[in-house]
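Asker: Spelled out from the first residue to the last, the chains are:
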Amino acid sequence: MEAGVAVDIRELERVYTPRKREPVVALDSVSLTIPTGEVHGMLGPNGAGKTTLVKILSTVLLPTSGTAHVLGHDVVEETRAVRPLIGIVFGGERGLYTRLTARQNLEYWGALYRLSSAAIRQRSAALLERVGLVDRADQRVEEFSRGMKQRLHLARGLMGDARVLFLDEPTTGMDPIAGREFRGLIAELKDEGRTILLTTHDMVEAESVCDRVTLIDRGRVLATETPRSLGTLISRFQRIDVAGADGALLAEVAALPGVSSATPQADGSTRIEVSEEGATAVVLRRLVDGGVTDLQTSLPSLEEVYVQTIGERGLGV
Amino acid sequence: MRAFLAGARVQLRFMVAYPDSLIPFFTAPLFTIVFMLVFKHAGRQDLTAYAAIAPVFIALWWLALFNSGWTITTERWNGTLEMLVAAPSSFGAVIFGRIAATTAVGTLSFFEAWIVARLIFGATVTIHHWGAFVLTAFATLAAMAGTAVGMAALFVLARNAVTFSNSASYPFYVLGGILVPVSLLPHWVRPLSAVVFLSWSADLLRATLDAAPIHDFWPHLGMVVLLGACGYAVGLAALRVILVRVRGSGELSTT
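As given, the protein sequences belong to chains V and S, one line each in that order. Following the numbering used here, the numbering of the first sequence begins with 0 at its first residue and continues without gaps. Following the numbering used here, the numbering of the second sequence begins with 2 at its first residue and continues without gaps.
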């Protein structure tokens with residue numbers, strides 16, 4: 000195991016064999032290495048295998064084959080070593096004792112993470128402050144909004160002072176302001192040197208907080224890149240938005256090698272998309288030579304990458 | 002030990018938060034009335050000890066068994082079962098702590114049953130052997146919690162553990178001889194009773210209410226402790242095996 004590796008996954012496979020039904024491959028030869036201190040996004044549609052992966056890394060599910068290590072410990076053979084090092088936050092309404100107060104929830108999990116009584120008191124108070132629930136600390140969780148529950152989830156996941164955090168769609172149900180605060184919190188956790196594996200559907204979230212993103216679909220890793228280079232991957236593939244160019248010039252540019260499309264936009268401009276490295280420079284030179292000054296180049300957003308890579312399959316999973 | 006205490010503490014909080022889990026405290030006095038009436042009208046006041054002890058055992062065993070099933074089921078409903086298993090503390094120790102706290106609180110049913118016997122029927126329940134009573138009661142509580150951990154292991158496999166735990170209590174009432182003495186059961190049932198700790202502890206507790214000396218107290222108490230410890234050990238081992246199995250099948254969080 001290399002130094003500085005928080006999560007190391009090699010050829011991981013998980014097959015579910017439901018009774019009287021065909022086996023379902025949830026993970027198919029997944030390999031991934033996450034360095035210590037990285038915020039890693041796992042992006043994919045429902046049923047892609049994100050939660051299965053988190054469950055295996057959390058030691059609650061066994062892989063069918065392959066290996067996974069967290070901070071050098073095998074998640075199958077060394078569960079006792081792995082468990083004190085990890086924190087788990089599963090998204091959604093569940094995962095909390097709703098008839099207990101926020102503080103009681105945290106105190107219980109602190110005890111399960113073998114903290115002393117003094118440490119439990121100190122840590123639960125600090126975390127309640129950190130996630131903005133200090134005024135609701137002694138209120139039953141059943142009275143909380145969904146966003147408040149999500150914040151308490153995160154505090155619970157941090158009670159054990161985890162070095163590696165698995166956050167499974169943690170911002171589900173948060174309003175935009177809470178979501179922004181959450182992203183700030185992720186940045187703080189990263190500054191503390193924690194490693195975070197974040198599964199999400201939220202492209203903005205993945206783009207803004209993740210050092211690298213893995214696209215996963217049908218149990219297979221499609222790509223692992225920085226959010227920016229993932230965009231580059233698709234759009235070697237840059238796009239150029241042009242305004243004020245005459246039809247002849249646009250037709251000439253559209254015919255240049257490496258240009259894949261020139262599409263009129265609703266605002267009267269034209270979007271030119273290139274599909275070969277170096278084509279952008281040629282297009283730009285021709286446009287400028289043709290007297291066009293109103294143009295803009297851009298990379299696709301992560302959302303576009305996601306849609307292009309995984310395909311617009313709608314609600315089908 | 003810390004996991005045990007964490008489980009016990011949270012269980013006490015749950016008991017406050019879920020008053021419906023305290024149902025046996027409402028039923029124990031009613032059972033006492035029914036049993037006392039039956040024995041009184043049969044002219045068997047000599048069986049007062051049975052009427053006074055049986056409701057307590059019913060309450061304690063129901064609390065232990067129901068809570069072991071309830072714990073597994075509610076952890077699944079809450080979506081916390083996986084996180085509990087993934088925590089560094091021993092899952093079995095946490096469950097043991099939770100059930101032990103429940104049964105410890107359940108001892109209040111002793112007072113309930115005996116106050117009802119006194120107030121309604123004028124029957125006085127006298128403890129003639131205090132030391133033996135306390136030791137037996139303590140060993141019984143530990144054995145109940147230990148055995149219930151074993152049942153919890155099975156409940157991890159069950160989709161609806163609460164229903165299972167409800168129905169699983171009745172055979173133990175019979176085999177434990179808590180109201181009808183084991184000696185009145187068919188011969189072929191008695192070997193089964195011998196491996197149910199309730200039968201040993203029920204006999205002992207009734208004996209502590211009798212002025213006569215208790216015969217073979219220590220061997221009987223030893224059997225209660227031994228069977229309870231066996232239940233706990235088998236339960237922990239089963240729990241380990243079953244957790245590995247459900248980790249493999251992916252059924253840990255299945256509701």
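No wet-lab data here; the hints were simulated from the structure. A hint or two may mislead.
SDA-like cross-link-like pairs, simulated, lysine to any residue; straight-line CA separation at most 25 Å [claimed, not checked]:
{"hint": "1", "chain 1": "V", "residue 1": "K189", "chain 2": "V", "residue 2": "E206"}
{"hint": "2", "chain 1": "S", "residue 1": "K41", "chain 2": "S", "residue 2": "L158"}
{"hint": "3", "chain 1": "V", "residue 1": "K19", "chain 2": "S", "residue 2": "K41"}
{"hint": "4", "chain 1": "V", "residue 1": "K19", "chain 2": "V", "residue 2": "S30"}
{"hint": "5", "chain 1": "V", "residue 1": "K19", "chain 2": "S", "residue 2": "G123"}
{"hint": "6", "chain 1": "V", "residue 1": "K19", "chain 2": "S", "residue 2": "V245"}
{"hint": "7", "chain 1": "V", "residue 1": "K189", "chain 2": "V", "residue 2": "A124"}
{"hint": "8", "chain 1": "V", "residue 1": "K189", "chain 2": "V", "residue 2": "L84"}
{"hint": "9", "chain 1": "S", "residue 1": "K41", "chain 2": "S", "residue 2": "R119"}
{"hint": "10", "chain 1": "S", "residue 1": "K41", "chain 2": "S", "residue 2": "G132"}
{"hint": "11", "chain 1": "V", "residue 1": "K189", "chain 2": "S", "residue 2": "G249"}
{"hint": "12", "chain 1": "V", "residue 1": "K19", "chain 2": "S", "residue 2": "R248"}
{"hint": "13", "chain 1": "V", "residue 1": "K189", "chain 2": "V", "residue 2": "K19"}
{"hint": "14", "chain 1": "V", "residue 1": "K19", "chain 2": "V", "residue 2": "G46"}
{"hint": "15", "chain 1": "V", "residue 1": "K19", "chain 2": "S", "residue 2": "V17"}
{"hint": "16", "chain 1": "V", "residue 1": "K19", "chain 2": "S", "residue 2": "R246"}
{"hint": "17", "chain 1": "S", "residue 1": "K41", "chain 2": "S", "residue 2": "G123"}
{"hint": "18", "chain 1": "V", "residue 1": "K19", "chain 2": "S", "residue 2": "E252"}
{"hint": "19", "chain 1": "V", "residue 1": "K189", "chain 2": "V", "residue 2": "G3"}
{"hint": "20", "chain 1": "V", "residue 1": "K19", "chain 2": "S", "residue 2": "I128"}
{"hint": "21", "chain 1": "V", "residue 1": "K19", "chain 2": "V", "residue 2": "A124"}
{"hint": "22", "chain 1": "V", "residue 1": "K19", "chain 2": "S", "residue 2": "R119"}
{"hint": "23", "chain 1": "V", "residue 1": "K19", "chain 2": "S", "residue 2": "R3"}
If you're wondering where the values come from, they're calculated on a predicted model, not measured in any experiment.
Asker: It remains to establish, for every hint, whether it holds in the given structure.
Answerer: Okay, the hints, checked on the actual structure:
A hinted pair counts as satisfied when its Cα atoms are at most 25 Å apart, and V/K189 with V/E206 qualifies at roughly 15 Å. Between S/K41 and S/L158 the alpha-carbon distance is near 44 Å, which puts this suggested pair outside the 25 Å criterion. Using a Cα cut-off of 25 Å, the hinted pair V/K19 and S/K41 is violated, with the two alpha carbons roughly 58 Å apart. Using a Cα cut-off of 25 Å, the hinted pair V/K19 and V/S30 is violated, with the two alpha carbons roughly 30 Å apart.
For the given pair, V/K19 sits about 63 Å from S/G123 by alpha-carbon distance, which is inconsistent with the 25 Å threshold. Pair hint V/K19 plus S/V245 holds up; C-alpha atoms about 22 Å apart against a cutoff of 25 Å. In summary, the hint linking V/K189 to V/A124 is supported, as the alpha carbons are separated by about 21 Å, within the 25 Å threshold. A threshold of 25 Å between alpha carbons decides the hint, and for V/K189 with V/L84 the separation of about 15 Å falls inside it, so the pair holds.
Using a Cα cut-off of 25 Å, the hinted pair S/K41 and S/R119 holds, with the two alpha carbons roughly 13 Å apart. Using a Cα cut-off of 25 Å, the hinted pair S/K41 and S/G132 is violated, with the two alpha carbons roughly 29 Å apart. At roughly 32 Å between alpha-carbon atoms, V/K189 and S/G249 are farther apart than 25 Å, so this suggested pair is violated. For the hint pairing V/K19 with S/R248, the CA-to-CA distance comes to about 20 Å; that is within 25 Å, so the pair holds.
With a C-alpha separation of about 45 Å, the suggested pairing of V/K189 with V/K19 is violated against the 25 Å cut-off. A threshold of 25 Å between alpha carbons decides the hint, and for V/K19 with V/G46 the separation of about 20 Å falls inside it, so the pair holds. Simply put, V/K19 and S/V17 have alpha-carbon atoms about 43 Å apart, too far for the 25 Å limit, and the pair is violated. A distance of roughly 19 Å separates the Cα atoms of V/K19 and S/R246; the hinted pair therefore holds under the 25 Å criterion.
Only pairs whose Cα atoms come within 25 Å are accepted, and S/K41 paired with S/G123 is accepted, the gap being roughly 11 Å. For a cut-off of 25 Å, the pair hint linking V/K19 to S/E252 stands: about 15 Å separates their Cα positions. Between V/K189 and V/G3, the direct Cα distance comes to roughly 14 Å. Compliance with the 25 Å bound is thereby established for this hinted pair. With a C-alpha separation of about 59 Å, the suggested pair V/K19 and S/I128 falls outside the 25 Å cut-off, and the hint is violated.
A distance of roughly 49 Å separates the Cα atoms of V/K19 and V/A124; the hinted pair therefore is violated under the 25 Å criterion. With a C-alpha separation of about 60 Å, the suggested pairing of V/K19 with S/R119 is violated against the 25 Å cut-off. With a C-alpha separation of about 43 Å, the suggested pair V/K19 and S/R3 falls outside the 25 Å cut-off, and the hint is violated.
In terms of the numbered hints stated before, the structure departs from hints 2, 3, 4, 5, 10, 11, 13, 15, 20, 21, 22, 23, listed from lowest to highest.
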